[in-house]
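Engineer: Chains as they are written, first to last, in the numbering used here: chain A, 1 to 224; chain B, 1 to 224; chain C, 1 to 224; chain D, 1 to 224; chain E, 1 to 224; chain F, 1 to 224.
Any given hint could turn out to be false.
[What the hints assert, rightly or not] Stretch by stretch, here's where chain F covers chain A in the computed footprint (C-beta under 8 Å, at least three residues):
{"no.": "1", "segment": "51 to 57"}
{"no.": "2", "segment": "147 to 158"}
[To be verified] Reference listing, derived: stretches of chain F covered by chain D, where coverage requires no fewer than 3 residues with Cβ under 8 Å from a Cβ of chain D:
{"no.": "3", "segment": "4 to 15"}
{"no.": "4", "segment": "63 to 74"}
{"no.": "5", "segment": "92 to 98"}
{"no.": "6", "segment": "167 to 178"}
[As the list claims (entries may be wrong)] List time: in silico DSS-like cross-link candidates among lysine-lysine, alpha-carbon distance up to 25 Å:
{"no.": "7", "chain 1": "B", "residue 1": "35", "chain 2": "E", "residue 2": "35"}
{"no.": "8", "chain 1": "B", "residue 1": "76", "chain 2": "A", "residue 2": "211"}
{"no.": "9", "chain 1": "E", "residue 1": "222", "chain 2": "D", "residue 2": "76"}
{"no.": "10", "chain 1": "B", "residue 1": "211", "chain 2": "F", "residue 2": "219"}
{"no.": "11", "chain 1": "C", "residue 1": "141", "chain 2": "F", "residue 2": "198"}
{"no.": "12", "chain 1": "A", "residue 1": "185", "chain 2": "B", "residue 2": "141"}
{"no.": "13", "chain 1": "A", "residue 1": "126", "chain 2": "C", "residue 2": "219"}
{"no.": "14", "chain 1": "B", "residue 1": "222", "chain 2": "B", "residue 2": "35"}
{"no.": "15", "chain 1": "E", "residue 1": "76", "chain 2": "F", "residue 2": "196"}
{"no.": "16", "chain 1": "E", "residue 1": "141", "chain 2": "F", "residue 2": "219"}
{"no.": "17", "chain 1": "F", "residue 1": "198", "chain 2": "E", "residue 2": "126"}
{"no.": "18", "chain 1": "E", "residue 1": "126", "chain 2": "A", "residue 2": "35"}
{"no.": "19", "chain 1": "F", "residue 1": "196", "chain 2": "E", "residue 2": "126"}
{"no.": "20", "chain 1": "D", "residue 1": "219", "chain 2": "F", "residue 2": "141"}
{"no.": "21", "chain 1": "F", "residue 1": "141", "chain 2": "F", "residue 2": "219"}
{"no.": "22", "chain 1": "A", "residue 1": "76", "chain 2": "C", "residue 2": "198"}
{"no.": "23", "chain 1": "F", "residue 1": "126", "chain 2": "B", "residue 2": "219"}
{"no.": "24", "chain 1": "B", "residue 1": "141", "chain 2": "A", "residue 2": "211"}
{"no.": "25", "chain 1": "F", "residue 1": "76", "chain 2": "B", "residue 2": "219"}
{"no.": "26", "chain 1": "C", "residue 1": "198", "chain 2": "C", "residue 2": "219"}
{"no.": "27", "chain 1": "B", "residue 1": "196", "chain 2": "B", "residue 2": "211"}
{"no.": "28", "chain 1": "D", "residue 1": "76", "chain 2": "E", "residue 2": "141"}
{"no.": "29", "chain 1": "C", "residue 1": "219", "chain 2": "D", "residue 2": "219"}
{"no.": "30", "chain 1": "D", "residue 1": "76", "chain 2": "C", "residue 2": "185"}
{"no.": "31", "chain 1": "A", "residue 1": "211", "chain 2": "A", "residue 2": "185"}
{"no.": "32", "chain 1": "D", "residue 1": "222", "chain 2": "F", "residue 2": "76"}
{"no.": "33", "chain 1": "F", "residue 1": "222", "chain 2": "F", "residue 2": "211"}
Just so you know, the hints here were simulated from the structure itself, not pulled from any lab data. Quick reminder that beta carbons are idealized off the backbone N, C-alpha and C, glycines included.
6 protein chains.
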Amino acid sequence: MSGVVVRNIERADASVIERLAACGVATVHEAQGRKGLLASYMRPIYRGARLAASAVTISAPPGDNWMLHVAIEQLKEGDILVLAPTSPCEDGYFGDLLATSAQARGCKGLIIDAGVRDVSDLTEMKFPVWSKAVFAQGTVKETLGSVNIPVVCAGALVNPGDVIVADDDGVCVVARHEAEAIAQKAEARVAAEEEKRKRLAAGELGLGIYKMRERLAEKGPKYV
Amino acid sequence: MSGVVVRNIERADASVIERLAACGVATVHEAQGRKGLLASYMRPIYRGARLAASAVTISAPPGDNWMLHVAIEQLKEGDILVLAPTSPCEDGYFGDLLATSAQARGCKGLIIDAGVRDVSDLTEMKFPVWSKAVFAQGTVKETLGSVNIPVVCAGALVNPGDVIVADDDGVCVVARHEAEAIAQKAEARVAAEEEKRKRLAAGELGLGIYKMRERLAEKGPKYV
Amino acid sequence: MSGVVVRNIERADASVIERLAACGVATVHEAQGRKGLLASYMRPIYRGARLAASAVTISAPPGDNWMLHVAIEQLKEGDILVLAPTSPCEDGYFGDLLATSAQARGCKGLIIDAGVRDVSDLTEMKFPVWSKAVFAQGTVKETLGSVNIPVVCAGALVNPGDVIVADDDGVCVVARHEAEAIAQKAEARVAAEEEKRKRLAAGELGLGIYKMRERLAEKGPKYV
Amino acid sequence: MSGVVVRNIERADASVIERLAACGVATVHEAQGRKGLLASYMRPIYRGARLAASAVTISAPPGDNWMLHVAIEQLKEGDILVLAPTSPCEDGYFGDLLATSAQARGCKGLIIDAGVRDVSDLTEMKFPVWSKAVFAQGTVKETLGSVNIPVVCAGALVNPGDVIVADDDGVCVVARHEAEAIAQKAEARVAAEEEKRKRLAAGELGLGIYKMRERLAEKGPKYV
Amino acid sequence: MSGVVVRNIERADASVIERLAACGVATVHEAQGRKGLLASYMRPIYRGARLAASAVTISAPPGDNWMLHVAIEQLKEGDILVLAPTSPCEDGYFGDLLATSAQARGCKGLIIDAGVRDVSDLTEMKFPVWSKAVFAQGTVKETLGSVNIPVVCAGALVNPGDVIVADDDGVCVVARHEAEAIAQKAEARVAAEEEKRKRLAAGELGLGIYKMRERLAEKGPKYV
Amino acid sequence: MSGVVVRNIERADASVIERLAACGVATVHEAQGRKGLLASYMRPIYRGARLAASAVTISAPPGDNWMLHVAIEQLKEGDILVLAPTSPCEDGYFGDLLATSAQARGCKGLIIDAGVRDVSDLTEMKFPVWSKAVFAQGTVKETLGSVNIPVVCAGALVNPGDVIVADDDGVCVVARHEAEAIAQKAEARVAAEEEKRKRLAAGELGLGIYKMRERLAEKGPKYV
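So here's chain A without its partners, still in its complex pose (with noise of 0.2 Å):
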């Protein structure tokens, strides 16, 4: 599947992505039925920022950037790149100068399954990164991967064009066609919590408000 380069791939709506976005991974998550979460080891490199984006897919081999320059060329305004390494790797793939390019085209941040570096620099220039590692370990240019190929990064399956929602608490991603469904539902969730979010913060407890306390009593447990 290496040496493939697909240029024309379908995104979501940019309204249905800012949707995303102001929903959060986790409300996200728990509006498409708990999937779509990349591992807990995919950190930011800086706390406070938060987005949605549409995928530009990377698969890359351990220790070769080469495709990160190819998939630049492929971006366009509101996406994010994707990399995932064909097998385990935490080198410095991505640094200021590509996140300087990748910016200048648009490109709003970027996921990856592997170690990043100039971290400074990044975070002065606002260009998000969510990593398995912070590493200068420099990488090579010699062997081929793809873009736009679906890939699984940090343990989800990304295809090109799907919908990346990362913030604070990790990185979300949902497939594109089901890109606005999942936002309805999403803002559906932070409509009604809103509601319980008064009721606890005035003293009620879940156990009430959700109606826990007859299942509960049903199992029994034994109050000493």
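Given chain A, put chains B, C, D, E and F in place with the hints provided.
Structural biologist: Leaving out everything else, chains B, C, D, E and F in the frame of chain A:
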């Protein structure tokens, strides 16, 4: 041992708890003979929190946060929730709604040998959490666990009502009935360190201050 | 090899060290042919520190920080402590008192393939530490180690007097006798990158700037 | 996506599956362009098993093995169970009773990105398992998962009916519709290697056999 | 808590211990309500050992095996050594000489949340060890620990005199005063499983035997 | 440092190497002052191999095994290959064809801080490998590394021509110029242990044999 909720636990005296908080994790750990630390992977979701509180313990199945709702009902002002899963798990048992509820009932924070989510919200709410992971993964409410039984959390035995001390260095547990004695020893250490800090800042060597030279000479390192 | 303290080590020229600090970890690592990085798990206790300094090395038994006291006596202005345990350990060998002492003698920081504690204090003191863990676990003073012998720290060989470069990307070691040559190469890279950064920021592609298209064509990725 | 059981899945041809088994994991992985491997932590509970089989996939909540019972009803002679938990888990979902049941229905083994127990019994029964852990931890039967939907298992996408190849080197998945083509390529590799093995055994160098000297000379390693 | 050696501990009845050994780890763990397992990283140095024995516990500093010598003096026929380091460590505290000594005094094996060495010799001697690592790293004899105090070993609380059950599935601890009751429950499980095993082997489904169909229908998985 | 192949390295005397093999890893490690061990994750692919050999070292990029072919040309009878990747990697650099070639040229085995494949074949060939992983993942031949330069392998510095000792306990490196002296010390340890083993087997305590009681009494453990 599943399915037990202990309602009335004894807590240490509030003033003793405050004195332990003032001393901090490293000092308290030393004062009690270098015991009671939770594993180093228990990290705070934000820097700068520092507290001591009475443990309300939770033993919960992997991926099931039902008992958190049950435990919140048992909270008293000045408590902290301590959750140990019955097998290794990093799901996000706890988020902003549960934090709102816990905070409304006087809870000072959460120690969880698993995951937490909504960390941006929790940071804003100043609800500190020390956890093994940040992970949005949702949980179910199907299987009973227990509240206020002894648990092993991140490698340390915690009995309900024990004092949890937590800061940027991690988490330490002090047995309830030893709390007063340990507070005293910890304060003595703080006092003793002040003098040493001044001498060290002035350039004196620990080798001299702690009178290590003689014992060192016996062991005989070769200076070359 | 235990029980040796080497007193007079050679250091690189202070001006060379400053030039390496200015270039940063990723650039220095590249300039010396992609070698010298410590493992990616060596993370700074706070963000924003950036330095270069001469290594005073310590080989210490697990859970025994006696040699830190011995090493501090050997410090000169502009040095950095580099501690490698003789077997894997994450105990907190180092805290605010040792930092006070080291800082009073001109020490710029600590690299430790183990744990550190009192990180709030160290942050306030602006004493930077790159470590494997933050852990309050106390240590003893019973067994000799050595000071200023070659050590393998987090996977990299460090000789006493080598130059340590450290920033938010991690830690890199430069052999003392290569320091000047590497500084020159690193500065050349910084200069060369400036031009590229401008072109990339203007939207030019790396594929063009680095003339990759021809070689890429040979390998023949299939554009679809 | 929870709560779906797909009853009639297509399988690859039995003879093709046997041909893949004969080639083994490493060869099949190479034959399909170095893809399809499950993570290296998936280890066999005993040495010497070697098989290929059709995947009956299971997506199961952490610590809940209910769906294994549901999946066993869907087994056909020559199948293998492939279980991926919905979040990281190492509980012992599977032991000798489930193995007895699965074996009775023609199941050839289990691939599980979690734990397994009763490994002495399974070894005696010659029921091979490749797992992330050996762990006796028991599970509940409370929450639905799905059977025969696409899953990501140990980093690899597995569709129901795909061919699983497994031996002492680990586990590899081959897409059902590619199975025949890959079997052919794999057999060609086996044949080609036979000749090379003889020449290498006779002392010829790979540098010569694979004609690497010229290309190596271009890159120019310095012989000293 | 350091520096205490408890000489006379109570043990469970030898016949009860034998009954627990016969049931094995997985069954005993289930019989006591799914508690008491040590972490899954505790692996036997060779396959096929299966035992139950009374715990003589050791709390030892990292890299210091002095207390093992002290503990061996406290051994009685039918005991097992259980060592928990006071902070994470994988040094080789134990090898063939200590095993010779322990075996001579009736010791049945070792559970160690650290490393072991001379594993070829121990295998030949039929002295079973469950450990976190196999590692030759030597240790010192400088700092006191304790013998026969409660310890947390690989995540489980072990009191001196508790019954350790260990086999290829790992290690489980049974509280001394519960040993008889658990033995009874475990034997009941073994008996009950025999019947089920036969029915499953004959091709009956667990869905039927365990009467899961009705409850499953309520939850409503969609068969497609 | 990439792209260097050192052709003529010095080796230790064959008879010295044999004497080290006879002593084994744990004894040699102790004899040289408890240094030289590779990390505990370096495990043999089969039990029972035990050897000592001269290191032919390889520094190789992640996922690129070209230098193995180059190194094999440099092998002499009685050598062992030692491969350290330039960044963490677990790809399967080495399989049965390379083993056939290496074995034909007198190579005794492989130490690799990465992955190995075809482990069933290697076991049958009696070609021992100590590795970080068993993983079938294929590698490329694109980027130069070096042969017979100093490498850090699994945390230990290995110079070409150093003696590697390996058995079921792991791997230890002995500096070439110290090999004879260490062999002598190791043999002395073996001789001294024989007497102790007999006394311990007869039931004498280490506390007595090693005269620990007095020093123990000074430290004052409390017997209760």
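Engineer: Against each hint, give a clear statement of whether it holds in the structure.
Structural biologist: These are the hints, each one checked on the structure:
1. 51 to 57: violated (count 0)
2. 147 to 158: Answer violated; 0 residues pass the 8 Å Cβ test.
3. 4 to 15: holds (count 4)
4. 63 to 74: Check passed, 5 qualifying residues.
5. 92 to 98: As far as the segment 92 to 98 of chain F goes, the hint holds, because 5 residues have Cβ atoms under 8 Å from chain D.
6. 167 to 178: violated (count 0)
7. B:35 with E:35: holds, 24 Å
8. B:76 with A:211: holds, 22 Å
9. E:222 with D:76: holds, 20 Å
10. B:211 with F:219: holds, 19 Å
11. C:141 with F:198: violated, 35 Å
12. A:185 with B:141: holds, 21 Å
13. A:126 with C:219: Answer violated: residue 126 (chain A) to residue 219 (chain C) is near 35 Å, above 25 Å.
14. B:222 with B:35: violated, 34 Å
15. E:76 with F:196: holds, 21 Å
16. E:141 with F:219: Distance ~12 Å between residue 141 (chain E) and residue 219 (chain F) Cα, so the pair holds.
17. F:198 with E:126: holds, 17 Å
18. E:126 with A:35: violated, 48 Å
19. F:196 with E:126: holds, 20 Å
20. D:219 with F:141: holds, 12 Å
21. F:141 with F:219: Since the Cα atoms of residue 141 (chain F) and residue 219 (chain F) sit roughly 60 Å apart, the hinted pair is violated (cutoff 25 Å).
22. A:76 with C:198: holds, 20 Å
23. F:126 with B:219: violated, 47 Å
24. B:141 with A:211: Holds, at roughly 12 Å.
25. F:76 with B:219: With Cα atoms ~44 Å apart, residue 76 (chain F) and residue 219 (chain B) exceed 25 Å; violated.
26. C:198 with C:219: violated, 29 Å
27. B:196 with B:211: Within the cut-off at roughly 13 Å; holds.
28. D:76 with E:141: The hint is violated at about 60 Å.
29. C:219 with D:219: holds, 17 Å
30. D:76 with C:185: Status violated; Cα separation ~65 Å.
31. A:211 with A:185: Answer holds: residue 211 (chain A) to residue 185 (chain A) is near 22 Å, not above 25 Å.
32. D:222 with F:76: holds, 20 Å
33. F:222 with F:211: Holds - the C-alpha atoms of residue 211 (chain F) and residue 222 (chain F) are around 19 Å apart, at most 25 Å.
In summary, the structure is inconsistent with hints 1, 2, 6, 11, 13, 14, 18, 21, 23, 25, 26, 28 and 30 from the numbered list given earlier, while agreeing with the others.
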